[in-house]
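Protein chains in written order, with this note's numbering: chain P, 1 to 296; chain Z, 1 to 298.
Some chain P residues flagged as far from chain Z (calculated, every beta-carbon gap over 12 angstroms):
#1 H141
#2 F143
#3 L209
#4 L240
DEER-style ranges, computed between Cβ atoms:
#5 Z/Y102 / P/V142: 51 to 61 angstroms
#6 Z/R66 / P/H232: 19 to 29 angstroms
#7 P/A41 / Z/A287: 44 to 54 angstroms
#8 Z/Q258 / P/E183: 51 to 61 angstroms
#9 Z/L31 / P/I13: 47 to 57 angstroms
#10 Z/K15 / P/V87: 24 to 34 angstroms
#11 P/R5 / Z/P90: 21 to 31 angstroms
#12 Z/V34 / P/E11: 43 to 53 angstroms
#13 P/H141 / Z/W49: 17 to 27 angstroms
The set of hints was computed from the structure by calculation and includes no laboratory data.
Beta carbons are placed, not taken as given, at the ideal position from N, Cα and C, and that holds for glycine.
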Amino acid sequence: MNWRRLESKLEPITESVIRVCGISAIIFVFGIFFFVFREGAGFLFDGLNLWEFFTSTEWYPTSVSHKRYGALALIAGTASVTILAMVIAVPFGLGAAVFISEFCSPRLRETLKIVIELLAAIPSVVWGFIGLTVMNQLIIHVFHAPVGLTVLNAGIILALMSEPIIVSIGEDALKAVPDSYREAALALGATRWQLIYRALLPAAKNGLLAAVLLGIGRAIGETMAVLMATGHAVKIPTSLLDSARTLTATIAAELGEAPVRSDHYQVLFIIGVLLFAITFVVNLCADLVIKGIRNR
Amino acid sequence: MNQVDFGETPFVREKMRSELLAKGVFMLMALTMVLPLLTIVGYLIVKAWPILSLDFLLQNPTSRMREGGIWAPLLGTIYLVCISLLVAAPVGVLAAVYLNEYAKDNWFTRIVNLAVVNLAGVPSIVHALFGLGAFVLFAGIGRSILAASLTLAIMTLPVIIASTKEALASVPMAFREACWNVGASRWQTIRAVVLPNSISGILTGLILQVSRAAGETAPIMFTGAVFFKALRDGGILGYSLFDQCMALSMHLFTISTQVPDVPEALPYATAVVLLGLVLAVNGISIAFRVFLRARKKW
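Same shape as in the complex, but just chain Z:
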């Protein structure tokens, strides 16, 4: 019997080489995206290391922001995020319920979906102009935590709508049909079957909203965030709804561009805290999603 030789011919070697080359080139392109992230985060942490401590978090900025910590801005960011979440969460979730459960597949629904996409694409500075024109001036709220939070809420609405819609769509139709068949109305079905079965996906969306809202600067610049506001060190009830407040993102902008002679480590440490906060919140959302995917039953 003749042996068939399956060994490498020059042609096959050539092909394999081109294969490897292709893989290498595209891997390099993917790496150019990943490496900067790691290098930059590493560099920021190294620069910030000398002053990163719990005291840095809990002290207020002093000496015209050249010393002290970031308590007042950190607290301001927490206020802004919580209030914007309180506003955006119900509206966003119900909007997604409408789009996934009630809306028929027609031109009007297409326009609503288009509006969601476009709302996500509106530049953040235009949101700031809107917040200034609508909430601060027209509604007469004035520059305040409330006006800034409302602006943030509208800006982050598409995040909640998109992920809630995805979560609702992943609930199998059979679940709804079973519920309708025992005589439940549309809303009863949504409340008793659809929402409980998609709650994890909805929570993921809410967490993403928090991360997005915490990092934004432009929308709050003219609607409620200020350069400086005195606050008690570590005090929690520092702000009221109609106060202006400091915010972490705004604080980073201020001390890195507007205030001269700031010690170098201060803006780096502020950047690391802001970045750490946002990435940690995102990390929670990702971990949550991976965990849920692993135990999903259908």
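Next up, chain P with everything else stripped away, as it sits in the complex:
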């Protein structure tokens, strides 16, 4: 009885705790931006040549005589592995989403969804290890390349990593298309191809776009897998069999050696701010696209 009374006395407190927890996500997102920005701000406003940062490929943060912080090669590395990953993952992922939503028996659908969930759960360091061992040997063997740790390697690994997101969100989008669309198309004598290309894909295009955007977000932000599979060469890759280095991998590889508060350390946090901004915009776009569908 006393406990009950105490609980009802404490109810306002409980509710304010719930409210604080409720907005914690906002606090954390701002906190992440604030603390990452804070560590890099000193050098960002005093010392870093932003023009050089975005246009030069000269990344020599530990040079004794002339330190240079040109991140273009790193941006190109991130862009190249992300683009390659999407070139592979988007058609296959959307194809798999179509298969799961249109061709499967309910039982097979449940099984495939479980497999996708497990695929999404594989830790990125295990993917990186697969890139380092299995894919590495495979690429050396197939292309007679001197090293297998290349854009191609990381692109394939990232494609496999972002496929589960594309498939599950894409399948949701296809499922949201009303059955009347399918019935109308079939009644007009459309084949399954025509049904998919002329009716389903246009009707679900916003959801599919959101799926692709979320896949891109995942690929850009991925760290351990690309750290282990790209082969650490700070230059703009010109072929699929070139090694590269991404923004994320640079932070992971160099932060341990950069003395705290040094220019090098701060420039790594500036790269962090850049990554935060890119993924924020990509996720925001995906969210707006999804919200757009819901409102319609």
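Since chain P is already given, all that's left is putting chain Z on it; use the hints.
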């Protein structure tokens, strides 16, 4: 009476062929996703088989990580996961309670939901920078299990929020109305009706958080995980909250890239244990969900 022939005309055969072709092509695309998983897991297990044993789990790495087992990293991962779960579970569940039970449908709630989505999308290495800047340096905790766990907790918060929200939303509105009608307050209703009826969905989310936290490497690299830390074989009380620790994911990274001349089977076995741990935890969550869906009453 005239017989109507419903047999296959060339046109119908053509259509059926295109139908089959479509099904085949899309099935192949789905298979390209499933097959790599099975092949890779099989390959890893074959490579790791020679040294997989209970001893491998319970022994510490020795001879500069070229021999021995994975006890210290395994224990470190367990510590990190448990502490991050202790932090993330209450915050995440209460956040979901707020979003599903208290929040009105307005612009502010939209922003909160957007923040949850974006928190899930922040790259893991940026979480690492945040953990380093906020917990290790600003809060002065130093590189420790505590700092690494807090970083992991924030990173995995969206997993808990999303699945708890779904679980709460699946409790029928009539349950709440019945409770309000007998005079219960909002919080009493949540505690006595909503939470007990969604506890299984909430647990599923917590299990997923464990799997996610166990596999992450980047966020703990600079906040508390170290290459090597000596520990007694099989000892459980090896670490304190402010110690640095080894972690399974970090250990796999270390022995496969940073240490030369590691016997081949060692990283494979470590990868298999990490993968097995994560997939097993996920499997539990899936089995749990299937079981609950089967016996759900409403």
